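Student: Read off the chains here:
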Amino acid sequence: MTTLVRNAWYVAAWSSEIDDKLRRFEILGEPVLLYRRTDGEIAALHDRCPHRLLPLSKGKRIGDEVQCGYHGLRFGPDGKCTRVPGQDKIPPSAFVDAYPVEERNDIVWIWMGDADRADPATIFTLPQFDDPSWHAHQGGALHIRSNYLNVAENLVDPAHVSFVHPTTLGNSASENVPVHVATEGEAIVAWRWIRDAEPIGFFKAFGGFTGNVDRWHYYYLYTPCTAVIDFGSAPAEMQIPEEERDRGNRVFALHFMTPVNENYTIDRWMHLRNTAIETEEASERIDQMFQIAFGEDKDILEAVHAEENRPQRRRPIRIAIDRGPMVYRKRVAEMLERERTHDVSAAGNGAYVYHD
Amino acid sequence: MTTLVRNAWYVAAWSSEIDDKLRRFEILGEPVLLYRRTDGEIAALHDRCPHRLLPLSKGKRIGDEVQCGYHGLRFGPDGKCTRVPGQDKIPPSAFVDAYPVEERNDIVWIWMGDADRADPATIFTLPQFDDPSWHAHQGGALHIRSNYLNVAENLVDPAHVSFVHPTTLGNSASENVPVHVATEGEAIVAWRWIRDAEPIGFFKAFGGFTGNVDRWHYYYLYTPCTAVIDFGSAPAEMQIPEEERDRGNRVFALHFMTPVNENYTIDRWMHLRNTAIETEEASERIDQMFQIAFGEDKDILEAVHAEENRPQRRRPIRIAIDRGPMVYRKRVAEMLERERTHDVSAAGNGAYVYHD
Amino acid sequence: MTTLVRNAWYVAAWSSEIDDKLRRFEILGEPVLLYRRTDGEIAALHDRCPHRLLPLSKGKRIGDEVQCGYHGLRFGPDGKCTRVPGQDKIPPSAFVDAYPVEERNDIVWIWMGDADRADPATIFTLPQFDDPSWHAHQGGALHIRSNYLNVAENLVDPAHVSFVHPTTLGNSASENVPVHVATEGEAIVAWRWIRDAEPIGFFKAFGGFTGNVDRWHYYYLYTPCTAVIDFGSAPAEMQIPEEERDRGNRVFALHFMTPVNENYTIDRWMHLRNTAIETEEASERIDQMFQIAFGEDKDILEAVHAEENRPQRRRPIRIAIDRGPMVYRKRVAEMLERERTHDVSAAGNGAYVYHD
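Chains as they are written, first to last, in my numbering: chain A, 5 to 360; chain B, 5 to 360; chain C, 5 to 360.
Possibly wrong hints are sitting among the right ones.
Repeated chains share a single entry, so a pair holds when one copy, or any two copies, can fit it.
To be verified - List time: in silico PhoX-like cross-link candidates among lysine-lysine, alpha-carbon distance up to 20 Å:
1. K302 x K64
2. K62 x K84
3. K62 x K302
Since the hints were derived computationally from the structure, they do not count as laboratory data. Remember, predicted model here, so these are calculated numbers, not experimental data.
Construct the complete structure from the given sequences, taking the supplied hints into account.
Tutor: Here it is in structure tokens:
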């Protein structure tokens with residue numbers, strides 16, 4: 005049974021990944037062709053010629069159109085066939101699916117589900133993207149051989165930080181600090197404050213703290229595939245209240261998970277920060293620290309995925325720290341159930357499934 | 005459901021590939037042992053000892069017999085067991101299947117189906133093999149990770165040449181020239197003439213033409229796995245009629261496809277030509293050009309095969325240029341249906357299938 | 005249907021392979037964590053945290069306990085959970101299976117089946133391990149991509165020696181010497197004497213014989229996975245009776261097969277000998293000869309396994325030399341049937357299988 009939610013906006017790429025070349029991606033198990041039109045807009049087509057199934061990305065651009073590399077059929081950015089060599093008439097079945105695409109803040113979003121439900125107003129954003137006192141910096145893309153549910157769950161799970169990232173994002177001071185979990189509309193939020201403790205490696209390097217700090221982690225997980233980790237520190241003597249976190253060193257680490265298929269996930273990560281906003285050196289140092297930390301996650305998540313795919317004799321146990329992940333998995337299960345029910349009724353309305 | 009036709013002659017190897025060594029091949033999913041007997045004839049045995057299943061190709065020759073490398077059972081070129089170490093009596097079940105083999109014009113043909121239907125008179129040949137005004141030259145073997153149907157279909161499909169081989173076998177002059185399709189007995193023929201056009205790269209290099217030419221392509225496809233591409237050019241001012249193609253530079257490119265299994269095909273190719281028949285340099289230049297062109301096909305065919313093996317939501321569309329391929333696929337489907345029906349009745353007559 | 009017998013002692017490792025590090029093994033398809041406690045005893049745990057399934061071998065030692073590398077759950081060498089970060093109560097389901105382990109003569113034995121049936125008194129041993137006139141030497145570990153039944157069968161099969169090991173353990177003098185087969189309690193024994201013949205390569209190098217010898221091979225196979233090959237030679241003029249083999253050059257080659265899974269077997273081999281017991285050079289020369297010979301077996305056994313996994317049209321035939329292997333396979337089938345029946349009744353008693 006699929007774990008992949010179709011009716012949602014996913015990050016297909018950073019804007020810088022898409023140019024005039026024909027590039028193939030895999031998203032939700034589907035091959036997708038992305039290229040930038042001459043007017044700068046991005047076209048997204050199912051990457052398979054409807055004739056002999058050659059990926060269109062193996063063809064070539066003719067203006068804003070794509071010409072198949074096998075028999076020369078041409079398709080516009082809307083997926084409609086404009087030419088079939090050897091005949092004058094273009095059959096109505098000669099088209100490829102085109103996917104809604106939106107570009108925001110140098111991020112390319114794609115909608116793989118029912119096109120008529122794609123509402124750009126629901127695309128994730130943050131006011132800080134447009135706030136001049138904040139700096140946004142795109143990091144890298146982590147390729148993880150694991151189902152996306154494991155990756156996402158990890159991002160609403162502050163409890164793993166002390167054990168997986170002991171030298172970068174966490175330290176042993178946090179091991180027994182309780183985690184709060186709540187839902188705020190679309191978001192599941194897990195958070196904790198560690199008061200009056202030694203700063204973690206990250207803020208030692210970045211914030212230049214000399215004494216003890218109050219440290220916070222707020223994990224916001226938006227179903228199915230977007231996470232914001234609001235973390236930061238402030239000198240312990242400031243005794244800042246929870247709602248005044250902007251007074252400290254504050255970083256939003258953003259994770260956009262793209263399920264390539266059931267067994268592979270790309271996690272594109274970036275950050276916004278409210279300090280040292282004019283120096284690229286700070287961006288680089290943050291990237292370096294994230295790269296180490298996310299490599300630690302990747303190692304764990306791939307091992308978990310491999311173990312999930314072996315025969316099981318017992319149900320996994322659930323413990324107190326699992327509240328965030330459990331709410332998340334329940335929400336995804338509900339989304340999938342809605343899509344399953346919807347698909348069944350759609351099929352009853354005449355949809356035709358050729359082969360799966 | 006299998007796509008592999010059993011009752012047909014297939015090219016197992018070029019003659020030069022077979023010597024006194026025990027060599028293992030895979031044909032129609034079956035392991036086959038080929039070796040040359042002391043009298044020069046070729047033996048073809050199922051490459052699996054009936055005792056503990058070791059491939060006989062891992063054993064050794066004892067005269068014209070093969071001795072298994074595990075327990076020393078010996079088999080003659082007819083597949084009958086001649087010795088079982090440790091006992092005097094040879095059980096009747098101690099044999100391996102022997103396949104009919106015929107060697108013609110340095111080509112080794114094998115029959116993998118019902119042995120009593122193997123008629124050497126039906127093996128493909130051309131009168132030009134024995135015509136001293138023609139030269140035959142064996143090329144190479146293209147290994148393609150694709151079902152053979154895609155490979156064969158490509159060989160009765162002139163329409164792909166302009167798009168897949170724009171710099172070698174085709175050019176844009178041919179894009180919109182209509183293709184004729186007909187059947188001539190066993191063969192499906194697709195052909196077209198491109199009159200008074202610039203010569204293609206191939207004949208520029210080989211024919212030494214300076215002005216425009218009349219160019220022809222005749223694709224003959226013999227079900228299931230043999231193709232002849234009769235192509236050539238003549239100066240446009242000659243205005244040669246279709247039936248006098250021998251007056252121009254004429255080449256027969258032969259393709260012998262061997263389905264290794266459902267996902268892998270070997271395409272052994274060679275050519276016959278009526279010009280420059282005494283110089284090996286011409287052979288080498290033709291080989292070089294074919295290698296480039298067939299590498300272009302391989303790239304396309306493997307991508308198509310990979311895409312066919314992904315989940316499908318739509319039926320592929322068919323267009324006007326598909327007539328040749330469609331007739332071909334229909335003929336193969338009929339052959340398979342005959343074999344399926346035949347196999348059922350054979351099984352009813354006592355055949356025993358141990359496991360599949 | 006599984007071929008893996010669970011209620012048996014298997015060799016998990018040589019003692020030298022296990023130290024204070026967390027090491028992961030796979031035995032009978034299960035992931036197993038082995039490490040040496042501070043008191044020198046060996047702990048064996050199912051290598052999968054019951055919480056999020058991370059292999060415990062990816063965590064770290066905290067004294068004699070193991071801490072999971074994801075969320076810090078801790079388990080004692082008995083598999084019981086001792087700590088769950090973030091909560092005080094430890095749920096009863098928080099445990100991992102611990103396997104009975106016994107260490108004897110520098111060999112680590114493990115019991116993967118029902119723990120209450122694990123009787124250390126049934127572990128294989130030989131009196132010569134404690135006999136000062138004999139020398140024991142641990143060889144290597146042969147990794148074979150084959151089901152263990154093929155590997156074991158090979159070890160009660162003297163008939164293959166002439167064909168698989170013609171230059172090391174056998175020669176053509178033995179090809180037609182009959183093999184005796186009998187059962188002695190737990191063991192299946194196959195043996196033969198080759199009287200007054202040229203010594204084989206092994207004893208030419210090791211025994212220093214100049215004239216003809218009497219040579220014996222006794223293959224003892226203990227179901228499911230232990231084999232002893234008692235082989236040796238004595239000068240033909242001694243005419244030693246069968247029961248006085250200690251008067252000749254006598255070697256016990258021991259094979260401990262560990263089924264990693266249905267398709268992979270580790271064969272740990274060692275030997276005991278009654279001559280040249282004080283020189284390590286003799287051990288090394290024996291190891292070298294065994295390495296060549298067992299490499300020959302590996303090649304055969306992997307080819308047989310690969311061929312067994314291809315479609316079959318016929319049943320394999322059985323011949324006279326198969327008596328030992330046939331008794332062996334029958335005994336294993338009976339053990340599996342007992343376990344299958346037992347498992348069914350156990351399941352009826354409330355056992356719960358989550359997923360397979």
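Student: As a check of your reading, is K302 near K64 (CA-CA no more than 20 Å) within one copy, between copies, both or neither?
Tutor: Between copies only: 18 Å across, 36 Å inside.
Student: Can you give me the call for K62 and K302, within, between, both or neither, at a CA distance of at most 20 Å?
Tutor: Intra 31 Å, inter 13 Å, cutoff 20 Å: inter-copy only.
Student: When no copy is specified for K62 and K84, does a C-alpha distance of 20 Å or less occur within a copy, between copies, both, or neither?
Tutor: For K62 and K84, only the intra-copy Cα distance (18 Å) is at most 20 Å; the inter-copy one is 52 Å.
Hint violations for this structure: none, all hints satisfied.
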